[in-house]
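Chemist: Sequence:
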Amino acid sequence: MDNNIITERRISAFVVFGIVLLIITAAVTYAYFTAEIQGSEEEDTVTLKGGIMQIAFDGGKIINLEGAFPKPGPVATKDFTVTGNNTTVAPMNYTLTLKVTENTFSSNVLKYRMTGTNDDGSGSTVPDIVDLIDLETGAKDIFLGSGTFGATTGGDKVHSYSLEIHFPSSGVIQNEEQNKNFSGYVQILGIE
Numbered sequence: 025m026d027n028n029i030i031t032e033r034r035i036s037a038f039v040v041f042g043i044v045l046l047i048i049t050a051a052v053t054y055a056y057f058t059a060e061i062q063g064s065e066e067e068d069t070v071t072l073k074g075g076i077m078q079i080a081f082d083g084g085k086i087i088n089l090e091g092a093f094p095k096p097g098p099v100a101t102k103d104f105t106v107t108g109n110n111t112t113v114a115p116m117n118y119t120l121t122l123k124v125t126e127n128t129f130s131s132n133v134l135k136y137r138m139t140g141t142n143d144d145g146s147g148s149t150v151p152d153i154v155d156l157i158d159l160e161t162g163a164k165d166i167f168l169g170s171g172t173f174g175a176t177t178g179g180d181k182v183h184s185y186s187l188e189i190h191f192p193s194s195g196v197i198q199n200e201e202q203n204k205n206f207s208g209y210v211q212i213l214g215i216e
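Its first residue numbered 25, the sequence shown is counted upward by one per residue in our numbering.
Hints may contain errors.
Computed cross-link-like contacts, BS3-like style, restricted to lysine-lysine with a CA-CA straight-line distance of at most 25 Å [claimed, not checked]: (1) K135 / K164; (2) K123 / K135; (3) K204 / K95.
Since the hints were derived computationally from the structure, they do not count as laboratory data.
Whole structure, please, built from the sequences with the hints as guidance.
Modeler: In C-alpha cells:
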C-alpha cells in the first residue's frame, strides 16, 4: 500500500476522532448544567446538576391588585428571596421574569420597580430597577434581569428582592381605571 494513502487514512481517522471528541465534550457539558424541576414546589425550585436554587415569597407567590386607586408609594409589594447552593467551580446564573397573567389597567397606568440585596456576598443580584417602569396592558412576560451565585458557595447563599407595583396619580381624574385587575408572579430560571 502506498505511504500517501496510509497517511491520508491516518489524517482522516484523527479528524473523525476530533469531531467525535468535540461532540461528546459538548454533550457532557450541556448535561452537567441542565436544569430539572423536582419536588413539591415545582415552580419555585430549580435543581441544576451542580447545585440548587430556590425562590421563596413573603405572603405567597401571586401578586393581585383589585380595586386600587392612585396614591403615592406602592399599591402592592412582593418581597422574595432567591437562595443558591452552588457545588461547582463555575458561577450559577439565574434570571427573574415578571409573569403578568392579567392586566386590565390601561397601558402605562401601573408602574413597577425592583431592588435587591446580596445578603451573603455571593455573586451578584439582579441590577436594581430604580426608576418606575410602565406596565403595558394585557398578559406578558417582563424580563427583570440576571443574577449569579459565586462558585462553590459552601452552603445556602441568599439574594433578597422587593418588587413594587405603583399606581401614581396622573394629575387628572382616573375613575376609568376603577374595578380593573392586575395579577402576576415572579419566576426564576436557572441559565447555563
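Chemist: Hint by hint, note whether the structure agrees.
Modeler: Here is how each hint holds up against the structure:
1. K135 / K164: Measuring from Cα to Cα gives roughly 14 Å; hence the hint holds.
2. K123 / K135: holds (14 Å)
3. K204 / K95: Given pair K204, K95 holds - Cα atoms ~16 Å apart, limit 25 Å.
Of the numbered hints given earlier, the model fails none.
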